[in-house]
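Undergrad: Residues per chain, in single letters:
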Amino acid sequence: MENGDVARGFANDAVAGGRVVRPSHIWSPEVIEDIQEKAEIGRYRIRAYSTLRRTVHFQDLTFVPCTLTRIPLEGYRERCETRTVIGARHGAEPITLQTPITIAGMSYGALSANAKQALGWAASRVGISTTTGDGGMRPGEREDSNTLVYQVLPSRYGFDPHHLQMADAAEVVIGQGAKPGTGGLLLESKMSATIAEARTLPEGVDQRSPVRHPDFFGPDDLQIKIEELREATDGRIPIYVKIGACRVLEDVKLAAKAGADVIVLDGLEGATGASPEALLDHTGIPTMPATVLAVRALREEGLEGEVNLIVSGGIRDGVDAAKALALGADAVSIGTAALIALNCNKPVHHEDYERLGTRAGACHHCHTGGCPVGITTQDPELVKRLPPQEASERVEHFLNSMTMEMQMMARACGKSDVHDLEPEDMRALTLESSLVTGIPFAGMDRPVAL
Amino acid sequence: MCGITGILFKDPERVGPVGRIQVEMLQALNRRGPDSTGVALYGPPETGFLLRARLQPDGEGHVERARNAIEDLATVRELAPTPGGVRASVAYEGELAALADGVEAAEATLDVLSLGRSMQIVKEVGSAEELDGAYDISSFEGGHAIGHTRMATESRVDTLHSHPFWARPFADIALVHNGHVTNEHKLRRRLEQRGHQFLTDNDSEVLAAYLADQLERGEDLGEVLERSVRELDGSFAYLVSTADGIGFARDQFGLKPLLLAETDDYVVLASEDIAIRAAFPDDDIHPRELGAGETRSWRR
Amino acid sequence: MAAVAARQVEIDCAGRSTREINQQIRRAASEGAAEIVLLHPAGRHNLCVALFDPVTVRLRGDAGWYCGGMLDGGTVVVEGNAGWGVAENTMSGRVEVVGNVGTGAGATMHGGELYVSGDAGSRAAISLKGGAVVVGGSVGYMSGFMMQRGSLVVCGDAGEALGDSMYEGTIYVAGEVASLGADAVDAEAGDDDLEFLRGELERHGVDHDPSSFRKIVSGRKLWNFSKKEFEVWKTAM
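Protein chains in written order, with our numbering: chain P, 163 to 612; chain F, 7 to 306; chain A, 562 to 798.
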């Protein structure tokens, strides 16, 4: 029972046997269950998805559209550009996105082949990019996606220079928002014969990827590695650097100094297919303050607009995306939202959710390999539940809805281009969000500052 | 994260083109450290002390004010402005700490960069070529030198945060460091408790003070280097230079690169071979990577 | 470029950008050169990266980092030393270094061969996925770390933590091993091993008795977590 269902029985000081039962905050039912589980298994807990914490998030901001001071654009009629061109800093062929959204790196291994295929087809129809993951480029992945970003990970599982040359961009992964400072994880049940062969691993191992790259360590070394990737591709493709949000101000400056054309910043809310639970809740900072710091870092280096910024981690809709753009990001990347559009946590196959010890709406069990809807599994019987064509249509629809929401916010604010959204188009609805963004708290004419 | 370089001519009588060698090596490492560049140069020792200070630009008269500040405490034999401040040759008896602290207290725009009988630290924001253009490092002849090109990690990009750090207040000791000491705050607080004062929030300054603290107590350089591998956490390849020698240490995980080439005539160390070859293109030397946790020192 | 002999081409690295050098290598290869000689490499990084042509490139001097990285089919000979990541991620082909190399020699190779006459720094054959890394001298700390497949042959000594967290693959060491890494264990060398070593040593003109090599493989205790093996896991988790 990984979700502490027992706890619900104690909500609101439940009455038991005529006496009020009050759980402790420190030694809560969840903590009790956690300790006793660890007493059994002798290691840390592992699960998927992301932090369960509430964080300071884009949802704490609101837009202030045009009223009398400025003039709105017709919501359903007048032009609102979403085209986004990134990666041109060092003269590579830039990436053109028809809308400022990308599909984040998720491995074939963590995801089923059908899920990867559906994402590729959806992205191609919408005109955005997908990203490979740990394990390399799967057979057919290049064909499935019109714009494909090739990840260079610490494990280098399946890394093939020919695939690098076939890609539209390369993304050097330093870390991810869910668990910065640690390596990837793919457990036994998903280490099928096919996946294992692709990763040159024995079938059925609990794969724990290294955290560091094998041939470079610091940003001073990284700049040589980035040059190697440029040499391998004759300078043709943009080089992205992906980081988890930690010391964002310094890390973004270093990624820029090391030569990144695009920085992909993944915040605390970023999810993963498997991780030690402690990392999910206790490493990294939230995406929204991270975005603010990243933009400031580039501004201080004089590189705003020259180095492009993609942010990810808890982007749930076009409104979150619009706010990220307003704060200064060039684009957002989605992972979890795309999977949910595929069918993640769909209320079907209830008995299969129960068998995993969870239920639709709160299932974070990607790591088990028993995904009831065929997304994060290698079990062929489960994968059949996700026919790629109809799944890709759902993702396509969701991406379109995001675009419409972004345009709606932009037009209401009088912008004919979503990239013209600015921090000044927003107000903060919480003190915290005002503090971290420098945006005035609604009702005040200047930001809250200590 | 950065590039570091060191050159030492073994014969104590030998005076060689250490300045030119440093500039060539450091320029070759420029991509590894684009933010700032610095050198600690060792010439023939003086009877007095060589002082190098940074002056914040403050209109007319700050050189004169610097002279006055120094003259309050020491006898100035020679003083001249430099592109970033002043250099002076002084006669002085007493604790160097008192001299450095006193001069800085007397003149607010002044920061002492180095004090020593033979050592001079020159460092600025910018490249090795720019440093050489301003300070004519290439023409300096001496017995040994260390140098550094910086890619700032967690502290500011400015002259004071650049390397080499003078292991204040110990005469003629300097440090260049590549990497990041991850228990720097703990060490900093321990050293502050013992009376050390820091000018910056740079972890390398802590490393310099950590070494100075032990050398000041008479510890042997070789033992200090070995102890540092055990006590410092994180990543580091560093060079420490003294009045008559150079030593290095690499962290126990071997996370930052450092190469050594040695002949009967000289010892050269650098983060990358490209730097060694820039200064010694045709020499028959065989640079080798130093081991994880390895330390060593040489004296002229 | 000067044609020195039929199908041999010389490129002087001095005064050229790395991009130009690599482009000229590819052009010469496509025009039928059998051997390309690079003069004055002087420790330059990223030479001969992604060399897919069946051509030999000979460096008369030191290479920098990632020399011969992402090789697939070509041959690179460094008549000097090389830096970090030499031959990294080789798919097939051969890299030979006459001198010493830095950290990560043959990192994550999938096939092919790296031969180093001198010493290698730390982490030789890290994450090896296939092929062979043969070192005439010694290797440094954590060599063979997380090896998955392939072979590391060390004619000299090995530093601490040899073969740490290996999945599969084989390490052979003729000299002293400072220490074995987590889950690296000794194994009996069989006839296949001796034959393999004999072939490697002969090919590289190394005079060593194949039966004098110690064989090290994965203990397989880190493949799947077991709470009863905490001693093995505590440094690997």
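Be careful, since some hints might not be right.
[As the list claims (entries may be wrong)] If the Cβ cut is set under 8 Å, some of the chain F residues that face chain P in the computed set are:
no., residue
1, R20
2, R37
3, G39
4, M157
5, T159
6, R162
7, S241
8, L261
9, L266
10, A267
11, E268
12, F286
Hints were generated in silico from the structure; no laboratory data involved. No residue lacks a Cβ here, since even glycine has one placed at the ideal position from N, Cα and C.
Undergrad: Now tell me if each hint is right for this structure.
TA: Hints, verified against the model:
no.	hint	result
1	R20	violated, 32 Å
2	R37	holds, 6 Å
3	G39	holds, 7 Å
4	M157	holds, 5 Å
5	T159	holds, 6 Å
6	R162	violated, 10 Å
7	S241	holds, 7 Å
8	L261	holds, 5 Å
9	L266	violated, 19 Å
10	A267	violated, 20 Å
11	E268	violated, 24 Å
12	F286	violated, 21 Å
Hints 1, 6, 9, 10, 11, 12, counting from the list given before, are not met by this structure.
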